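Chemist: Chain by chain, the residues:
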Amino acid sequence: MPEVADETTVADGITDTVTAIVVREIGAVDGPDVDLSTLDGVDSVKVLRVVATVERIYDIELEDEEVFAFHTIGDVVDAVRSALADREAAP
Amino acid sequence: MTADWPEGEPVQVPWRVLADYRCFGCSPHNDTGLRLTFRRTGDGISCRLTFDRAFESYPGVVHGGIVSTVCDEIMGNLLVLRTGLSVCTTTLRTRYVAPVLVGREYLCVARTQVRAADPSPYRAQAEVLLRNGTTAVTAVGQYLPMTTQQARSRMDLTDTESALVERELARISNHRKGEPGA
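Chains as they are written, first to last, in UniProt numbering: chain F, 1 to 91; chain Z, 1 to 182.
FYI, nobody ran anything at the bench for these hints, they're computed from the structure. Incorrect hints may have been included.
As the list claims (entries may be wrong) - If you want a taste of the chain Z side facing chain F, the calculated C-beta under 7 Å gives, among others:
hint, residue
1, T94
2, R95
3, T135
Since the structure is predicted, the reported quantities are computational estimates derived from the model, not experimental observations. Ideal Cβ positions, reconstructed from N, Cα and C, are used throughout, including at glycine.
Using the sequences and the accompanying hints, generate a full structural model.
Modeler: Following this line, the structure appears as structure tokens:
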């Protein structure tokens with residue numbers, strides 16, 4: 001692994017981590033662009049468990065407005081990347 | 001699945017040196033309080049929770065404000081034990097993932113990366129877990145440390161009580177200095 005991960009590597013790492021959390025809390029998902037709400041048994045509690053775990057692992061706080069707009073793993077990954085970028089940019 | 005709850009040795013909060021302290025969260029002398037007791041758990045502390053109907057919101061559901069108070073209480077005490085300084089809450093953010101139910105047993109775990117020399121505000125995380133290991137509530141808090149003088153001006157303490165607390169916090173601070181990563 002490179003000493004300083006480039007943006008793609010970081011994004012891939014986040015995607016892998018978020019996917020693993022989703023698989024644990026919701027079940028297997030066929031790719032980052034699948035609409036999670038179309039899967040059997042998915043409800044807001046399961047999505048919140050994913051969000052709570054993601055927040056804990058990355059030590060970030062996601063806004064409810066974006067949390068309740070999540071449809072795909074990709075949406076979660078984008079939110080994590082944005083939150084991490086905001087934290088890096090903070091004084 | 002039933003998860004084992006890793007709990008270490010009991011942890012005493014510094015306020016115990018005051019014979020009549022009434023903290024709603026952790027005092028054994030407050031009849032209407034939560035009477036939380038803490039144990040070391042990993043690099044943090046934990047407390048077991050079982051609420052009766054006195055803390056009910058909707059029927060059978062524990063009031064969210066009470067659960068939030070538990071998270072605040074455990075994070076604040078963890079930071080006091082970690083830094084040897086009194087702290088006050090400046091921000092508390094709670095995420096309710098699933099309802100906490102009356103009569104059910106839960107574990108609340110708090111952790112922080114803060115060390116005594118770190119700049120404030122201090123930040124800590126807490127999580128309320130069901131017996132099967134799933135998350136019911138998560139919380140993040142930010143706290144400001146208080147100097148002895150600030151604590152003295154903000155609390156209703158006699159000179160004797162203030163000296164007792166100060167001595168206990170100093171003992172905690174000195175104890176921490178001997179630990180790895182302090």
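Chemist: Now, for every hint given, state plainly whether the structure supports it.
Modeler: Results for each hint:
| no. | hint | in the structure |
| --- | --- | --- |
| 1 | T94 | violated, 11 Å |
| 2 | R95 | holds, 6 Å |
| 3 | T135 | holds, 5 Å |
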